[in-house]
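Student: All chains, please: the whole structure from these sequences, using the hints.
Number of protein chains: 2
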Amino acid sequence: MKILSGFPKNDGYRMPGEFENHIGCFMIWPERRDSWQYGGIAAQNAFAKVAAAIAKSEKVTMLVSHSQYDNARRLLPENIRVVEMSTDDAWARDVAPTFVVNDNGNIRGIDWGFNAWGGLIDGLYFPWDKDNKVARKVCDLLDKDVYNARNFIMEGGAIHSDGEGTIMVTEACLLSKGRNPQLSKTEIEENLKLYLGADKVIWLKNGIYNDETNEHIDNICAFTSPANVVLAWTDDENDPQYAFSKSCYDILSNSTDAKNRHITIHKIPQPSPIYMTDEECNGLDYFDDEPTRSNNYRLAGSYVNFYISNGAVIMPGFNDKNDIIAKNILQNLFPTREVIQIYARDILIGGGNIHCITQQYPSGIKNI
Amino acid sequence: MKILSGFPKNDGYRMPGEFENHIGCFMIWPERRDSWQYGGIAAQNAFAKVAAAIAKSEKVTMLVSHSQYDNARRLLPENIRVVEMSTDDAWARDVAPTFVVNDNGNIRGIDWGFNAWGGLIDGLYFPWDKDNKVARKVCDLLDKDVYNARNFIMEGGAIHSDGEGTIMVTEACLLSKGRNPQLSKTEIEENLKLYLGADKVIWLKNGIYNDETNEHIDNICAFTSPANVVLAWTDDENDPQYAFSKSCYDILSNSTDAKNRHITIHKIPQPSPIYMTDEECNGLDYFDDEPTRSNNYRLAGSYVNFYISNGAVIMPGFNDKNDIIAKNILQNLFPTREVIQIYARDILIGGGNIHCITQQYPSGIKNI
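Note that the protein sequences, when read in sequence, are chains X and B. Here the first sequence is numbered in numbering that gives the first Met the number 0, starting from 0 and rising by one per residue. Here the second sequence is numbered in numbering that gives the first Met the number 0, starting from 0 and rising by one per residue.
Among the clues, some could well be false.
All copies of an identical chain are treated as equivalent in the list; a pair is satisfied when it fits inside any one copy or across any two copies.
PhoX-like mimics (lysine-lysine), calculated; alpha carbons at most 25 angstroms apart, straight line [unchecked claim]:
no., residue 1, residue 2
1, K48, K1
2, K48, K143
3, K266, K204
4, K58, K143
5, K48, K8
6, K365, K184
7, K184, K266
8, K55, K1
9, K365, K176
Honestly, the hints are just simulated from the structure, not real lab data.
Tutor: Have a look at this one:
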């Protein structure tokens, strides 16, 4: 593994769309007791279901601590590869490398700086040193060269790419004080273009209400193909989510992508607001003498937080009346893939969802 | 990864000779402070030299703890893959899987039971649980199926194969009370044949004097090709090694291999006896309130403890007058490979040598 300076764009690399072909997917086994209630057993079972669904059409590698290796092996199907790696929590999207590819099918990783979504300003745990090493270690495991971008704080969940030069982000996240306060919006945009091989960045303002990642893009809006996005939506004007989603809609309606196309916006309804229960809170360890969740805390649930595998779309369900509506919307947008809906409350309690716990390893082949 | 019951022999698998083609080699980064003096820095540098020499002709994967990942990455060339794995010490030969292959080029691992060379009877450290999981984890990493042989205590250093049905072992090791005391010699031999796809086991009595593995075969005698072995030798009849080596010589002289060939014995001189110095002992942590080495402790040095890579033979040197003689003997026996001699006192202090810290991952292709 070579550690590269410089920028992928200058070397002819770009970040593919998630809907392009993958070699496989990386996930991280959940075990942190202040993130996952009652020793994480329910979360582990949900992660295992997600992994099994992805593994139907691409290789899944589950990264797991030494102490949880046997348990992960027990709960995962044998076609999933289990590999030891130390982490601070279970968010592969944000700590595994963002991969870039070139036209010859070569693959490289990007090792962003990671500071637990805000470092000492508003980060969610301390320390985060193990997480910050994951991207480089995954590239080492794959024997792929890696760009050293550790001086730029970024997470995979904070960016979406259409694979054709357009990146989508939120200002709430990328301009947060806990990430790169020394950089202007223009400088951040320039970094994104250089690292992701892109020509245009679409800046939405906000994400999902109460999303503790400072409102990652991947919870509110996602490309389903170039010039097509799904946007989390509510018609309830009294919900703080309404203003967030409406603003996204307006910006997207007035945006063109890197290829000057107008963007078709497919609204996907939000589930009804989801709150922590007392019983769930009682199953969580405190962090630094404080509870990590309190009763009636509103969780940032969204159907947009799905993963596109080679053969399927794996999306969350919440036992909500909108589950089937959201599933049908995605099924129409992905006619060649099976949409698999997995009950995901036990993932959401940790703070994210199916997209957050996965990271695709693209093949460099554009079409499936 | 499938965990297999049953026996490789019945499935058409055999253990190749080390001189057959490899895909690569596994090693483990040394850091244990009661094994490696002064924080292991000298050992780490020696391991790095061995790894670099092997990496000239096959892929080396260095397994390393989380806490030593950055340091290993610093000291190893970039063409070596560094992968996190928890271990109790650094002996890949004994804790990584023994690989078997079939005629179609399929590869499987064997997950022997490991108990630190003698368990609670005369094992060298406690606990050994991390080491005992390494073989399975390596197979998982490689996505190769693995035979569950955990109820049979065995180490890779305790067996040599000619790849053509002959296994060579020592009684001192395999019949030791700390390994499989419930099994008779006949039952152990039958296990070896079934697991290694072999037809004949040659039992030497002893290995190298004071070898704390209970005298592993890989320190005293090795196949250089079918029907050819090198045997560690001394002409000094006052050295306890003399009787050990003489017995081996007599047994081998009167043995035939699985194909009924007589075995040609190539004597290789021992280095002069090697003793721990006071300064070296002072650099070692105690284990369980006891020193792990004392001044003038005789170390089990031997030139036979070499590794055969695709393109080279990597052998130890001791700054001894016999270094060059031993090197020339091996160079004559391996005319197509470069013999690379690496100063190995800092490996030997830990209790083994170059063969002990390596484990080949064969390709299933018989000829290089």
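Student: For every hint, state whether the structure bears it out.
Tutor: Evaluated hints:
| no. | hint | verdict |
| --- | --- | --- |
| 1 | K48 with K1 | between (35 angstroms within a copy, 19 angstroms between copies) |
| 2 | K48 with K143 | between (29 angstroms within a copy, 23 angstroms between copies) |
| 3 | K266 with K204 | within (17 angstroms within a copy, 77 angstroms between copies) |
| 4 | K58 with K143 | both (17 angstroms within a copy, 14 angstroms between copies) |
| 5 | K48 with K8 | neither (36 angstroms within a copy, 36 angstroms between copies) |
| 6 | K365 with K184 | neither (30 angstroms within a copy, 60 angstroms between copies) |
| 7 | K184 with K266 | neither (28 angstroms within a copy, 73 angstroms between copies) |
| 8 | K55 with K1 | between (32 angstroms within a copy, 17 angstroms between copies) |
| 9 | K365 with K176 | neither (36 angstroms within a copy, 60 angstroms between copies) |
Figure legend: structure checked against the earlier numbered hints; hints not met, in rising order: 5, 6, 7 and 9.
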